[in-house]
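> Sequence:
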Amino acid sequence: MSQDTKVKTTESSPPAPSKTRKSLPVLDPSGDYYYWWLNTMVFPVMYNLIILVCRACFPDLQHGYLVAWLVLDYTSDLLYLLDIVVRFHTGFLEQGILVVDKGRISSRYVRTCSFLLDLASLMPTDVVYVRLGPHTPTLRLNRFLRAPRLFEAFDRTETRTAYPNAFRIAKLMLYIFVVIHWNSCLYFALSRYLGFGRDTWVYPDPAQPGFERLRRQYLYSFYFSTLILTTVGDTPPPAREEEYFFMVGDFLLAVMGFATIMGSMSSVIYNMNTADAAFYPDHALVKKYMKLQHVNHKLERRVIDWYQHLQINKKITNEVAILQHLPERLRAEVAVSVHLTILSQVQIFQNCEASLLEELVLKLQPQTYSPGEYVCRKGDIGREMYIIREGQLAVVADDGITQYAVLRAGLYFGEISIINIKGNMSGNRRTANIKSIGYSDLFCLSKEDLQEVLSEYPQAQTVMEGKGREILLKMNKLDVNAEAAEIALQEATESRLRGLDQQLDDLQTKFARLLAELESSALKIAYRVERLEWQTQEWPMPEDLAEADDEGEPGEGTSKDEEGRATQEGPPGPE
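Residue numbers are given in the UniProt record's numbering: position 554 of the sequence shown equals residue 554, and the series is strictly consecutive.
Treat the hints with care, since some could be wrong.
Result set (DSBU-like, lysine-lysine): computed pairs, CA atoms no more than 30 Å apart in a straight line [said to hold, decoys possible]:
no., residue 1, residue 2
1, K288, K435
2, K477, K363
3, K422, K378
4, K447, K378
5, K474, K435
6, K467, K422
7, K510, K467
8, K378, K477
9, K288, K298
10, K378, K474
11, K291, K435
12, K378, K298
13, K474, K510
14, K378, K467
15, K474, K422
16, K378, K363
17, K435, K477
18, K435, K467
19, K422, K435
20, K447, K363
21, K447, K315
22, K474, K363
23, K467, K447
24, K287, K435
25, K378, K435
Read the hints as simulated data drawn from the structure, not as lab findings.
Please model the complete structure; the sequences and the hints are all you need to start from.
Written as structure tokens, this is what we have:
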């Protein structure tokens, strides 16, 4: 019985699930995979743009390497087909969110002009080889329709490369080469159509020694096209109408190309100058100012050396202006990635909240000091602290020669002067002379910026004051008695302030009561005056006034009956 049960159970059990086929992932159009695929598509597109035209105009090139061309042709077609597959798996942004639904991606792609161009570029025009033969590469000219992918790849590379201006120049040179290449191919094709060696303008007769070689044919055509498009001259005059049309078209193309080249180069130079102006301060204005004010030559030399050091070593002094267009959180992340490690080395900032350090990082100001320049002098009022990023600074005596210590990268100074610590014997005055030995890069944090940030973090302010007090105790520069006296004075002041606040509250309460009593008294007086006015109406009227009232026009005044009724009713009471 148990065996039958086992057999039935085995027969009724569902079949094992088959392995699901993994589908291709959706690519992010701003991701690395999509970027590298675009760079891959550069090769088949450039192959068709350059080689296809050359094969169509130079028959020897087509006949001599037919097998290689067929392999390369169908390899590029395969990449074109894969590119369509990639387009069906490339997401798009909708309201800032990447859409990964393949159905929506496909429906969106098939409704675009890019889909039509991609299909047209893959039309099997090669089947006409059966009738015309494989030596007609002009049948594959529809492959040029995939050129937008080349421009898209160039745009992505320009935004990603660290040298965009150099890339723009290289791209411009590539475009010039393609134009001259196409023009040289058309020149050779036109020469073959008109007849080689028929006049001095066309390509010489290949029967002449040296002109039959393929390399010579291409180089001669390329050289001739370069002379025309650069308007250098020294070209044979045209003799036929076709030659005149070709020359006129090339001259017009040369004018447009010259304008394009000049505009592109001007744009590149302008962008480079703008970038330099954004990164480095303009020294021309300072030099002109020093000339006008007759600054001594030694000081002027120091200023020029400082500017030269910034540009040669790529030192940036205006990070805030450079990053000002970034969103606040993104700007904070950039600043944290660059400066947080240095800021966290400062002893008083250790173990502080991460949000506090992020806000302080945005306040750091880079500064560069020249050799022999004083960062601070003894007795100066301390309004900022410094963190050494690069270079060496010396703690020197008043004579500026004797060195007590050398501060190197990662160290800091001046942090006590920007924190109001009670009992600090030096107050907010500098206690040492610090001079730059060579060129030194420092980060400066001002007292105002620190207080602005600490106003939102009172606990962090207490912790920092405690750490600063410990440092002063180790340096024997904390007067405990003065600190206690100052604390007692502060407590007494706070007590007096609380008393004044209480007295002010009492006065406000009394004043409010007086106002209420005054309003009540005013209402009572107004009511009494109104009652007196109604009571005076009951008094008897003098005879002379009564006679005058009787002589008045009818309808004027009120009748005695109405006056009596008004007297009986009395004045209206307060509502």
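> If a hint holds in the structure, say so; if it does not, say that too.
Hints, verified against the model:
Proposed proximity of K288 and K435 is supported: the alpha carbons are some 28 Å apart, at most 30 Å. Proximity of K477 to K363 is assessed by CA-CA distance (about 28 Å); at most 30 Å being required, the pair is judged to hold. The straight-line distance between the Cα atoms of K422 and K378 is roughly 21 Å, inside the 30 Å bound, and the hint therefore holds. Restraint check for K447 and K378: satisfied, since their Cα atoms lie roughly 18 Å apart, inside the 30 Å limit.
A hinted pair counts as satisfied when its Cα atoms are at most 30 Å apart, and K474 with K435 qualifies at roughly 24 Å. Taken as a hint, the K467 and K422 pair is honoured in the structure, with Cα atoms around 13 Å apart against an allowance of 30 Å. Using a Cα cut-off of 30 Å, the hinted pair K510 and K467 is violated, with the two alpha carbons roughly 47 Å apart. Restraint check for K378 and K477: the C-alpha separation of about 15 Å stays at or below 30 Å, so the hint holds.
For a cut-off of 30 Å, the pair hint linking K288 to K298 stands: about 16 Å separates their Cα positions. Using a Cα cut-off of 30 Å, the hinted pair K378 and K474 holds, with the two alpha carbons roughly 20 Å apart. Under the criterion of a C-alpha separation no larger than 30 Å, the hint pairing K291 with K435 is consistent with the structure, at around 28 Å. Taking the CA atoms of K378 and K298, the gap is about 25 Å. The hint holds against a cut of 30 Å.
For a cut-off of 30 Å, the pair hint linking K474 to K510 is broken: about 54 Å separates their Cα positions. Between K378 and K467 the CA atoms are separated by roughly 23 Å; this keeps the pair inside 30 Å, and the hint holds. Distance check on the hinted pair: K474 and K422 sit about 15 Å apart at the alpha-carbon level, within 30 Å; holds. Note on K378 and K363: the hinted pairing holds, with a Cα-Cα distance of about 25 Å set against a maximum of 30 Å.
Taken as a hint, the K435 and K477 pair is honoured in the structure, with Cα atoms around 23 Å apart against an allowance of 30 Å. Distance check on the hinted pair: K435 and K467 sit about 26 Å apart at the alpha-carbon level, within 30 Å; holds. Taking the CA atoms of K422 and K435, the gap is near 29 Å; set against the 30 Å cutoff, the hint holds. Among the hinted pairs, K447 with K363 is consistent with the structure: their alpha-carbon atoms are about 10 Å apart, no more than 30 Å.
In summary, the hint linking K447 to K315 is supported, as the alpha carbons are separated by about 25 Å, within the 30 Å threshold. Distance hint between K474 and K363 is fulfilled; the C-alpha atoms sit about 29 Å from each other, no more than 30 Å. Using a Cα cut-off of 30 Å, the hinted pair K467 and K447 holds, with the two alpha carbons roughly 17 Å apart. Using a Cα cut-off of 30 Å, the hinted pair K287 and K435 holds, with the two alpha carbons roughly 25 Å apart.
The straight-line distance between the Cα atoms of K378 and K435 is roughly 11 Å, inside the 30 Å bound, and the hint therefore holds.
The structure fails to meet hints 7, 13 from the earlier list, while all remaining hints are met.
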